[in-house]
Each structure stands twice: as C-alpha cells, then as structure tokens.
Amino acid sequence: MLDRELKKGSAELIILSIVEPRARHGYEISKLIEQRSAGQMRFHVASLYPLLYRLEERGWLQGRWVEKAGERRRRFYGLTAEGRRVLTRQRETWKAFVNAMGLITGVGSV
Amino acid sequence: MSDHKPPDWTTDLRRRLAPLQLGPAREIEIIEELSQHLDQRYEELRATGVSKFEATRLVGEELLEPEALARFMRPLRQANLPAAIVLGAPRRSWREALGQDLRFAARTLWRQPSFAAAAILTLALGIGVNGAIFALVDAALLRPLAFQNPERLVKVWERTASSARERVAPSNLADWTQRSRAFDAIGGYIPGVGGMVLSGAGATAETVPRQWVTSGIFDALGVRAVAGRTFSSSDDRQGTNVAVLAEAFWRTRFNADPSVVGRVMRFDGVSYTVVGVVPDEAQLLGRTSMWAMVSLDRLPPQARGAYFLHVIGRLKPGMTLDQAAADMAGVTAGLAREFPKTNTGRGAALEPLQNAVIGAELRQTSLLFLGVVGFVLLICCANVANLLLARATVRMRELAIRSALGANRWRVMRQLVTESLLLSLIGGVLGVAAGAVVINAAASAIPPDLLPPGVIVAFDARVIGFCAAAAVVAGLLFGIAPAWQATAHSAAAAMASDSRTTTSARGGLRGLLVVGEVATAVILLFGAGLLLRTLLAVETVDRGYRAESALTMIVDPLQSSYPTPELLLQFYQNVEREVRSVPGVRDVAFATTLPLGDSYAGSSFVQVAGGPVRDPSQRPTADYQIVSPAYFGTLDLPLVAGRAFTDRDTPTTPLVCIVNEAFVAAHLQGRSPIGVRVAIQSTAVPQAPVVVREIVGVARQVKGRPDETQDLVQVYVPIAQSAIDDIYLVVRPVSEEAEMLAPAVRAAIGRVDKEQLVSVRDVVTLDDVARGATARHRFRAVLVTAFAGLALLLAMVGLFGVLAYAVQQRVRDFGVRRVLGATTGDVLRLVVGSAAGVIAAGVVIGLAVSMMLGRLLTTMLFGVQPLDPATFVLVAVVLLLTAAASTIGPAWRAARIDPAVALRSE
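Residue numbers (our numbering), protein chains in the order written: chain A, 1 to 110; chain B, 1001 to 1906.
One chain only, chain B, in its complex shape (with noise of 0.2 Å):
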C-alpha cells in the first residue's frame, strides 16, 4: 500500500502556478484538482508494473516544462483577477483605503460627539494661536521686503569710535553719492514724520503727514511712480520744492486723479510741485501721506556736522556687502581726508536693511511668542493624547477584534492614526478660523512702534499653510502614541480583559503626559510672572515729574504766518496767556521733549567749558530739551539747585541753559554747575551754530524711556532764545480730568489764530504717552500671561482627567480597602498621593527648564532678575493651587465610594 503511495506534488504545482499570483482559494482548487489527476495516473502506471523512480518521471512530464502550465493559464481571466480578498484587511489602493479609513473615522468620531468636540476645541485653541503669531513671525521674519530684489537693499550708518551706527550728515551723503562705486542708487530720509498743514480751495485747510527724503531714496528702494515720476538728481540740482504723494492718500484724498500730478500745491504757505505718486511700500521710510524732497545741492559747511538722515543703498548687482563695506571705507577715509575737521574717524557700517528693519526686539518678541505657542500647542497635544488613551482602553475590544478577523497591527494603527488626523484637520480648520478672528482682533493691540511701517500682519495663504501642517504634525504627535499602545496587546488578552484591568504602562505614559503638561506651564507661567514684573517695573518707575495729569498736543504754527522768531514766541505767549485763562487750567507751557515721550529737537553735541576737549568726532551728546519758563512748574519738576527759566530770559540777555542731574554726574565731575559755561550745537539743524550757553538751574531726573538702564542726560534751553516751530503745549489741569480741558483748550488757540487750529494734533494726555511708552513690555506682558493662563488652564483639564480616570478604573479597589477598613482619610490620601507624584516631577521639571530659558528674557526685563526667587516661588504656588483645585473632584468621588455599590459594580 505504502508501495502505491504517489508523492506529493503540492509544492511543485504551486510552484509552477506562482507567477500566475491566482487568489489564494482558487489557487488550493486548482492544486487539489491537478494533484488528483496525477495521482490517478501515477497508481495507474503503478499497478501495471512501472517503477516508483519511473512512475514519478512519466507522470512529471504531464506537466511538460516549469513554464508551461503558466503559460496556457495567462490569458485565462481568473488569471488576471484583481488582488484578492483577505479577511479583515481588504487590499486596495491607497486612495480607496484612505477613503475607507476616513469614513470610519467619521463614523467613529460621530459617535462620541463629546469626546470629538473636547478634542476638536482643544486643537483648534491650539492651532489658532499659533496660526496667530505666524502670522506676526512671518510678516516680521520670514516674508522677504516688498521691494525688487530686496537682498540688495542695504542700510548705510556712518560709525564712529563710540557707535557703529549714527545718522549720516546731507554732504557726506552726497559726496557718498559721487564717489561711491557701490551703489546702483543711494538715499536718505529723515526719519521723522511730521505735518503739514496743505491749503485747500476756499481757504480751507488740513494737516497732511510729511516726511524729507533726497532725491535718491526711490530709486535706491526700487519703488515706481504709480503715476507721474519719482525725484531725479535734477530736481536735486535745481533745487525746487517737488512732492510725490503716496498712493493710499492720492485715491483716498484726490480718488486717484492723475491730473494731481503737475500740480502746485502749498503746504505751510510754500509752493511745492507734485511730480509723482508711489505706491504705499515706501512707507516703510515713515507712515506718511508725502514726500517733500530735501535738496543735496549747494549745502552749507556746517552741513558736514549735523548727523540726522537714515540712509538706504541699492548695492549693484552682483556686489557683496563685504565688497561694499571696503569701497566706502575708501570713500570715508578720502573724506576724512578732505574734512578733517568733522570727518575724522568717521567711517561707514553696512547692514541688509531687513535687519535694520525689523530690528532685534521684533525679532526676540517673534520668536518669545513663536516658542510660548509651541508650548500651548503642546500641551494641546498632550490633552487630546490623554482623551485617546483613555479611549483607547474603552475600545480594546473593539480593536482586538479586528486583528482577530485578519487585521494586522500596521492596519489597526493606520485607522487610529487616521482618526487623530482627521480630529487634527478638523481642529485646524477651526483653528484657521480662530486664527483669523484673532488676528483681526490682534491688530489694534499691537503696539504701533512694534511693527515698522511696511510691515503687515496678515491672514493669508502662508499661515493657512503653516496651520495645516501644525494639525497634521499635532495629528500625528498626539495619535501614534496612543495607537501604538492601543495596539501592544493580543487579541486574546485584551477580549479577555475587563474593566477592572489597568495596565500600568498606559497609565505611566498618561502620567508622563501630564508631568510634562504641568512642566510646561510652569515654564509659560514663569515666564509670564518675569514679564509681568517688568511692566510692573516698567509702570510704577519714576518719571521724575510730580504733576498727576496733563493734557498735550503738537502746535505747528505756520512759516508762513510767523516767519521770525519775534512772531513765533509772540504767538506762543498768546496761546500761553489765553489757554491759562480757560477755566480748569492750573498751568500752561511748551516743551520739545514729553517725560518718556519722543524728543521733537533731537539731541545736541555739548562741551563743557574747562572740561576735557575732546576730539570733535567723539563730542558727547545730550537731549536738546526747548521749554517755556512755565514748564517746571507745569509738570511739578522739581529744580535741586539753581533757578528756573523767567520771562527775563529773552533773545538779548546773557544765554542760559538747565542741566539735569545726569548731566551734572556725567559732565561736571564734581563742579558746582551754577555758572558753568557749556557750548550746545544741535545735531538736527544743519545750519546750527555752536551756541555758549551759561547753567542757572539743575532739573530733576525725568525718564526717557520706562526702561532705560543709563539716565538720560538733557539741557534745558528757553524758548525765547531757541524759537522752534514744532512744539508741545502741556496744559495741566486743576482737577483731574486733563482729556476734558481738550474742547476748551483748542477753542483757546483758535482765539489766537483761527488759522493755526489745523496745525494742532496729536492731542494726548502724559499718561497715554506713559501707556505708549510701556505699550511694548504691556503687549508682551499680557499675551504671554494670556497664553500662560489658557496653558495651565489646558494642564489642570489634563491632570484632573488622569486623575477622574484613575478613580473610576479603580473603584472596586478603593470598595475592597474601605471594606478593610481604610477610612475616607486613607482613600483621599491615596488619590491625592499619586496626583502630588505627578504635579511635584512636573513642577520641578518645569522650574528647572525655566532656570535655563530664564536668560532668554534677559534684554526683554527690566527691574528683575532671570531667575527672580520671587517669581519661583509665585509661579509654584499658583500652580500648586490650582491643582489641588483640580484633585478636589476625583479625590472627593473616591472617597465617597460605597463599598457595598463598588463590589457589585462588577
């Protein structure tokens, strides 16, 4: 029997059938068919006597050569089936398999709609803010200037020994301009905006904001004329007054008519021709509506010595900034040369204008909030990742179950891993949303200053990009994880399992979770407490002044009306003398320069008379500070020695001058200062003389800046001997109510001269300045905490649902110990016990970190210390109350545990 025994001819069938890659069942069919055949003839040839050896060869050769069963089969159809069917993971294309895997992920997701929805909202909360401040990172870092090649553009400082970057005299600009090999085009702009009053027809009139260019500054930016032309060097030549406008105001103001260009216009009373319109990217010079062009040509000597243009340089193409930096230190060393007298040591330093542009405090801001979203985008990770695990265990069985019908761990995974994707997209759609209501709103916080002209903050296609991958990178952070785990158990053990089973590795990473969530808000919430404590700082310095309240505004009396100093300071006294008698004032006076407000007369060069000469290069400087005799008392500034400025000080008396006290410790080196001799020349005014004042008063310290670390040193000058015609008039009330003298007050001037009332503006009271001038650390202050808040805020959810989680999954063990004995102390121990674990590894982490990231702040405070004890210990309690807060619930359920109802919960 065992002689008659065909062999086995299965391997060598499916061998031959292999190429064909029939499905599997019709593959078996086919075998067991071919196989009975052989076998029938192999018995056959058998029992007639043939031999074993040659029965097996007679009957191999029915199947002729390796190939040839293959071959007759090809063009058979189920030879050509499509893939075929596999229990439980059915083989398709991608596209149709993702389609699949979405659907059910919808399906899924549907059906737990509060779970979808926690986790939905958290990533859109997530995605949103960072979508936000990419936004604002994107506009201020990433997004290249709107100008034509903008790597080419260059900004040019003059350097000196003790600044590498000072403002650039007009007459070196404009040997600059001759001698350097550099530049395609170079210009300079003042970089002030100021007004000016434009008269319309039928003696109407209005302020229109100015600013001086020279003629090369277009060209130099690559800007066109919308309509029209931009200034030319012949314009500089002839030396005619010629305008362009910017483009917003020529629609909004003219509705775009290009007859506007040819036009004579006067502003201030002076003719000026407009030559063209460009388009609103010039503005990043200065938020203005025109451009008054400012002539190179025939400039007086003193011209070489008055530092007060910002210059832009287009380098030809091809040349590097290194190429150009050594052809102006040829051209600066020929000057120095050729003026010895003011350009000795005076050299150039080159920088991309991008960087000048956007400047390191815009950068470091970026970036402070880029990484402080980060952190909420990761605890909004770590959140959903939570909500995942903890249904993840809820569904074990749903997943075992699938691998027991054939599908593999790669398959169960994908279809986790697509519903994370598909939460994630939904969230980030949400979140582009958030984003764009965010940004809307965003606008109006930021500080004006913080932005450059130019600058703009968008919602547009890059950040809607940006929030796409956020969702799918978050998708994937916070879903592999979990699928992994989901997916670590067999089939067998987990449908085995029941309720009462935790396993202690998804516990410990849930655990993980939250020490990291907590660990991160510790850090936001330090940093936010540094920040605060800065704007504390920053809010509570001393300006230096006493008065409570005030009301200012800029005067801007006309050339044309008050050409000389005489009518100026008439005008002046009037405004003084009819403003005071309005009732509610207490004070009148005029100032260039506001406690921590910008500084109209700019600052001068000083040389004290019988101090060090100095070489004239190396002059030191001080805030040029015009006032009326009335500005000491306005403000409540206190004199520590001398006497203040009088209407006795006029034009034709000995000149005088008040120093404050910097100046004093800076200059006078322990001189008593009544009666010392001081030369100022200011630095704005080309035409500047060098003027020997006397000092007859020392002025209190006042603020230029909340934050500054080195006093600023000021001279006061009274107007009478220093007529300017931009000016401050500070208007102190006798309540305290300053804004509401406002209505008053102009009606005041307008009894001067009605004419004038267009050139007042800008009407503020002190404090508003104070608020612009800490709009910045506010800014930074509030967001940062705001985010630190929504962080820890997003922790305590994360922690109290570990812990809720935690209580429930062990009911039956806390029955079992109260049954035993244990007290509702014991319970509550044990719960607040393991959530103490978690929150002290997360606090401690936390601090640590921020110990290292402390630093990162560091230009960014003031008033406080890195690694602020203070702050430490502020930001443990905060979030040491915080959760407790949030172990109350679980800790209290646990604890009112009924045994009785826990043991028969099974």
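So here's chain A without its partners, still in its complex pose (with noise of 0.2 Å):
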C-alpha cells in the first residue's frame, strides 16, 4: 500500500497537482510552488527543469512553445490525459500514506 516512490513521488505530484488547473510556464510553476508553500518549498533551476522534462519524457506533461505578440516565446507545460490519471491515482496514494502516518503517529490529517 505504502508506494516506496512516494519520497521521489512527492515532487512530481506538487508539478502535476500545480499545472492541473492550466497550462503554466517553468517561471510560474517554480514561484506557484514557493507561494502555495508559503515559502516552505522551492525548487533550484538545476532540479526543476530535469524535473519537467522527465515528465514529459513520461507523457503525463506536455511542453509547447506559446508565442504572445510584443513578448519572447514560452514554453508552457499542461497536464496530458495521462498525467490527470497520473495525478488522480498519486493524490489517493499520498492521502492513504498521510491517513496512515495519522493513525501510527497520531498527528492529525492535515
């Protein structure tokens, strides 16, 4: 039950869980995490980007460069249908893990 990837698992289901509304750039799915972790957690360039294109290497991202008129081209990185089962399974897993840390530890679910 408890995935022996969760440790690893943990940061790509804060990228998956970050771009499931839309579609975002590297910019702002590094500063969304900073903020919705009230400065709890950041990710380095170096980590990041090796990061996103390892999911998308997976098929659960999907990267495609956005041109807007006036400014530089983006890339931006939206969830695939495979990365929202992706998602939907990884967020039951880590429920069930925090649950069970609840119950062994007794600290309350968050």
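The set of hints was computed from the structure by calculation and includes no laboratory data.
Worth double-checking, as some hints may not be accurate.
[Said to hold, decoys possible] For lysine-lysine, the following DSS-like pairs were computed, each having C-alpha atoms within a straight-line distance of at most 30 Å:
no., chain 1, residue 1, chain 2, residue 2
1, B, K1005, B, K1155
2, B, K1052, A, K68
3, B, K1341, A, K31
4, A, K68, A, K95
5, B, K1005, A, K68
6, B, K1155, A, K31
Combine both chains into one complex, guided by the hints.
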C-alpha cells in the first residue's frame, strides 16, 4: 500500500497539481510552489527543469512553445490525459499515506 | 533600463549542458527556456532593490554546483539520444555509411551505363592481364618448392677453375654421401628423360618415359612414397634393378593398383622390381613416368672422370649454406689428395635448389612480363581517371549542391572514391574471370622448357588475392586525383559556372595523364621492338645446313634384341635401306644431335695430339656427335675440307672423326686439320675409354642454339665406330612436306623389325626443332608485343577522349574564331597543335625512359643492341601514325563547326 516511490513522487505530485488547472511555464510553476508552500518549498532551476523534462518524456506533461505578440516565446507545460490519471492515482496514494501516518503517529490529518 | 538588463547566461548554460551532448536543436531550446527563467528571476530581484552583483550571484545559485544540471538531466532520454542528425552528412556508423555510399555509387553508375561499361572493361582488361602474369610470377618466383622444409634443399655441383657448375661424377657423389656431414640425405639424377619399352601381357608393348636416379634422391627431396617405399641404401649395395613409378602414371596406367608394388616388370627387356610409387612433385627432376635406380656401388675406376649427374642435397637442420660449403670443401680437398689424376682442382659448389630450379632466365622473363603488365594497368588507370575527370566536370553542379547542403569536402571525396572503388572492384571481378581465361589459353602457349617441371601456373586464391589488391590500388590510384580536383571548387563558383567554362587545371591534369600514357606506350613499344628484332634474328639465323626440310624421330632399339654393336649397326643399316626405298624420300641418315636440338651423346673431353697438354680437370670439351655416313649429304651440310664418312669407315679400319669450323679455330692454331690426331673421351658414359681418332674432314659450322654467341665446338664420329642405341633418324623428302612421310617411314621401320616400332618417338620436322629452340624468344616477343599493342590502343583511346572533350568544350571559342575570319585550316591547326604538344612530350619522355630501361633487356636480346636506333625510329613512327589517326576525328569535328550553330548553342 505504501508506495515506495512516494518520496520521490512527492515532487512529481506537486508539479502535476500545479499545472492541473491550466498550462504554465517553468518560472510560474516555481513561483506557485513557493507561494503555496508559503516559502517552505523551493525548486532550483537545476532540479526543476530536469523534472519537467522527465515528466514530459513519460508523457504526463506536454510542453509547448507559445508566442504572444510583443513578448518572447515561452514554453508552457500542461497535463496530458495520462498525466491526469497519474495525478488522481498519486493523490489517493498520498492521502492513504498521510492517513496512515496520522493513525500511527497521532499527528492530525492535513 | 540598461541597469535591469540581465547578464547573458548562454555561455554558462552551454558549458553545464556540454557533457550531455544533446542534439544541437534541443540544447538551444533548453538554453532559451532556462535563460528566460533566470532572466525573470534576475529582474525580480533587481526590482526589489538587490544589487546587480548580488542578483547575479543569487540567480547563479539557482543552477547549484556546476555539474548538477548535467547530473539531473543524465537519466533523461534526450540526454542519451543517438548522434544528432546534421544536414548533408548524416553521422552514422562507418558500415552504414559505406553501405549508403555504395548504394549511391551503384545508382550513379547505373544511370551512366556507357561510362561505367567503358571504365569497367578497361579495368577488367588491366587487372586480368596482371592476374594472369602474376600467376606466372607466383609459380616461378614467389611460391616455395612443394617439398618439406624446401629451404634446406640445395643443388650441389662440382666446381672447377673454368666452371662453377659442373655435373658430378658418380664416384664423387658416392664419396660425398659417405664423408660429408652437411646433409641429411643426398642423391643424384641424370637430367635427361629417356624412354624404356615396357612389355605388357600378350606381347603388347609401350614406351614409358624413364629417368635414372641414385638411391638417395627421394630422401633428399623429402618425398615419401604413396605406396610401397622409395629406394634405400641396401638397394644400392645389392645392385638389383629397382624402379619407382610416378603417381600419375600409376593412377592412369595401373588404376592405382597397390599390388603393382613388388611386381617385376620388363623394361627394355630387362626385369625391374617396382618397389613403390612416389608423388608427382618428384617430377621436379624430370617429366617422367618412372624412375630407375642407378647404383653407386662397385663403380669402375673410370666413373670418377665421367661427369653426368645432377645432385640435390637436404641440409641438416640448422646447417647454413656456408657451413655446408665449408664441409664440402674439406671433403673435396681430401678426394683431390686421394685421386689427384681426376680430382685435382675439383671442389663443390652449393646453391639453394629454388634458385637452381627457377633459373635466371625464367626470373628475368617473369619480371619483364610483370613490369610490362604493370605499365598496361597504369595506362588503364590513367584512362579511367580521364573518364572520371571528364565526368566530374559534368557533375560539378551535383557536387556543389551536395556541399551547399552541408557535405564537407572529405564527405564528397569519400563518395567519389567509393564510386571509383566500386568500378575497380567490378572490373576486378571481371578481370579475375579474364585472367582465368588467359591462363587456360596461355598454358598451351608457354614454351615447355620455360617452366621447370613441377612448377605449375595455376589460377588460385593467391592470384585472386592479388587481383583484389590490384583492383583496390587501381581504384585509389585513378579515383583520388579526380575526386580531389572535383571537390576543389567552392560551391558558389561551381553553381555559377556553365559549360563554357573550362578550368585550365583540369585540362592540364588530363593532358598530363595522356602524356604519361603515350610515354608508357612508347616504352612498351620499344621493348616489343627490341624483342621482335631478336626474334627475327634468331629465326633467320644461319643454321649452317641447307636442307629445306627434314623429318626426324628417335629410334631406340631394344637392348635385348640388339645386344651387340654389330647387331645394332645391322639394324640401322636395314632401317636406312628400307626407309630410302619409300617413295618421296630423298635421303636418310642417323645422328645423335640435331641442329638447334638436344644432344643425345652429350659432350666429350678432347685433346689434340701435339697441342698444349692441359691438366685433366681443365680439359676442353666438344659436342660429341655420332652420325651415319649419309648425314652430311642428307642435311646438305657442306664439308669445307677433307672428306665425309663412308661405308668403308668400320670398327676395324683406322678410327676417324670430322670436326667443325669452331673446333679448328679453337684447337688447331692454324695447323692444317686433316690428319691431325685427337684423343676423345665421352663424359656421359662412365666406362668410356679414351679413343684416338684422326681428323679426315672439316664440316661447316651449325648452330647448337639459335642465340648462341659462342660457336658450338663439335666432333663428328662415324656410327660404325661408336654404336649407340638412342639415335635420331633424319629423313629428307624429295618434295617439301616432310611430315607427310611419317606414316610411310614408320611402316618401313616396321618392315625391318615390328617390335621396335614401339620405341619410335618424338616424330618432328627440323623446322619444329628450330621453332622449339626459338620458342622462348617468340613467347616473349609475342606477349610483349601484344601488351604493347594493347597499351598503344589504350593510350590512343585516352588521347582521343581528351581531344574530343576539349573540342566539345571549345565549340563556342571555335565559332567565334570562325566568325572573326579564321579558316578551317586555322582551327585544324589549333587542335592538331595542342595534340602534337601532348604526343611529342609523351614520345620524348617515353624514349628517354626506354634508353634507361633498355639495358635491363640485354640478356634477352640477340642480334640487336639495347639502344638500337632503328627501333627508336620505328617506335616513333608507329606512335605518330596512330596518334595522327586518333587526332583526325576531333580535329575534323572542330574544323566543321558551323559558327552560327556554335554561337547559338549557349
């Protein structure tokens, strides 16, 4: 039941969640992670982008260059259908993990 | 604004990504994306009032330590892509690239079938003749003899003050065998192959080639019997009649029946026990079907003065030639002390058997041919290179487009060279086939005496390997220069050019190639000219006799039927009488030597009475010629003094001889020859006594060999006073067709003694004998002339090609000249002038090189000097005539150019 990929998977879960509502570019993703964790969590460029590329290679994200008038083109990452399925599954795994932790340690669920 | 402008991260990012070797496009994308992120972060920090320096440092921390980015990226697929795709020059494994190049080359050639065919046929020709000649060279020079440890085999000769290579006396061989420590085994053989009549069941009989050998010969060669055994030293001691059969004879005549071993067979009416069968490699000694043993035991004392054996020894392992020679020097010195009369001044000389077998003449002939066909191949390469150069001009645009698409020069060259190699490999395959055909055809054309027995010219894997190597070398030779030239121009220049443009460098290279071809053709023509003149000289040489034609055959009466000289003579007289009665026969005689032919009786020691007395080891020799009285009349060989033999010269009358002009010149110092007494001892017969004879006549000189530079010294002896059982019957016809008489002559011999017919062999005319004697000259002359003709043809094709191409390139130029008033003659002069320069340069260079190379031919020439001026002139004339022929076409075309058409053609 406890996914041994959990630890590693937490970062993936965070990114997939961030781009769930709509496609975002890398800088926006890093900013949102920082904001939503109230500064608790930060991804460096050197680790964020390799992660994005990995998710893209797995087919969970799709990167796409988008041009807007008068601006430099930017690469936006959005969830693929497969990414959406993975996100749902990972959320459940994570929830089960946290519940289990709560039961064992007495720490209340988030 | 400029304060907020972030630094450029590109260089730093590229360095961090470099270890990953991403595809260039992907790398640019990533750098762009990360730069944007870093820029935005930098601007954000600056907006909050962070200093430029601090902002740069903080942003830099985003990238962590220098190798972090690469480390995090490493597991990604995009960091493990196969090599990136680059326009124009896909980077692939060499095997894939070669496959692609080959496919492309094949397609290119397929689209130009006439070009491909011309190039391939030229190469097939060049490689084919090279392969065929290499087969000869390989057999003659390169391949070791087919015996165990062939490097230990040596030929051993007796050495005297006057000759380093004399045949060995049987008693000396017997003592060498006992006393020398240098050899594992040593044996001798008599080089001539005779015939023996094998009587079969039911009174059938056949003549079998037979060679005499001593017991040690097969051990020396290292030949093991395939059935039974070879000779042993106990055979030698027992002195019984033993023989071994050659494997081929055993297989064809006796169906490889093993029970032949131990059987007693009757040869020439004498019983021989067949003790074994030896493999055919032993035919190195002579082309024979059986070897009969001559015993070295209990030899008569005279056997020390009869020199007729060839000797082969097998050195002990580790023994060098020098050590063996030193050992033999000791042995021969001991013999000289023991037998001073015969052995004083007689040493021994050793040489590797391979050298002795191959001989200087074959070595030279093979190398001559190899050089000649090498030149032919060079011309072939030059012609194909010319074709490629012409084609490269046509392909300039294609090549330019390919380099514009990103192919570098090396890549384009590789493609062009691949095409050349493909051409030469196809040419090579056809060449191997052509060479095999040539070898098969040539086997019958090679004079039988040129190659020693046991040396077989075969088209095998070694030859095919040579052809493959020749093809690759040729492909590179003719491919690289045109490829280099073709890729020497910038793409833009090439695409801007049109057919009007001729590059002088290209024209220059093509001109040079033709100069080389012409020069090579001149060299070969010159060699051919010298060899043809030699052939002419040996064919028209004065043979000394005037009979236009005569039939000859060997008559070899059985010893069992004619055991005494009297009976032999009776037989010869009966045959002579019976043959003389055949219609169409003008004259009949017997002789042991034919002019230009072999000598059956060998040579003899001669000592003129009253002449200077010489040491026994340095006695002069003369060809010992036994003839019947009618010989001089039959051959129309004039006597310049004295008389011919008559029927009154018999064993009981005073012993007489006739000498030839060379004998008089060499030994009589101006004395009148008639009446002079000469002591004569035959060298080929151990028991031969010294016989004193009186000179009764002097015969005109005849040729022993067509190209001999020293006259053959001869002594003629009447058959009645020196009966011999192997002799030539010479029949001169009334009409000219000697060979027509053969059946009638055989029938006449049969009327005398039907049993003897079986021993009649080698039925040929004197012309055949002469042709045989000149065969090697003819072979060389014909072959080199054929190659020279081929070279000339190829060179002229090359010249024609270059001229035709040049005219085509200059159509517009000629048109303009015509418009401006040039006459047909002017245009003709222009083309012929440019051709004349090329030809003249080629001729001059060719003749100059010929003068240097001519000396190498000296040993093969007769009656002509290496720097023969007539040949020089002849070669120049032949070349100029053929060159003129190949110039006429292009020149005529240039002269007929219609100016209007020429100018419109652009």
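Taking the hints in turn, this is what the structure says about them:
{"no.": "1", "hint": "K1005/B <-> K1155/B", "result": "violated, 97 Å"}
{"no.": "2", "hint": "K1052/B <-> K68/A", "result": "holds, 29 Å"}
{"no.": "3", "hint": "K1341/B <-> K31/A", "result": "violated, 123 Å"}
{"no.": "4", "hint": "K68/A <-> K95/A", "result": "violated, 39 Å"}
{"no.": "5", "hint": "K1005/B <-> K68/A", "result": "holds, 21 Å"}
{"no.": "6", "hint": "K1155/B <-> K31/A", "result": "violated, 100 Å"}
The structure fails hints 1, 3, 4, 6 (numbered hints given earlier, in ascending order).
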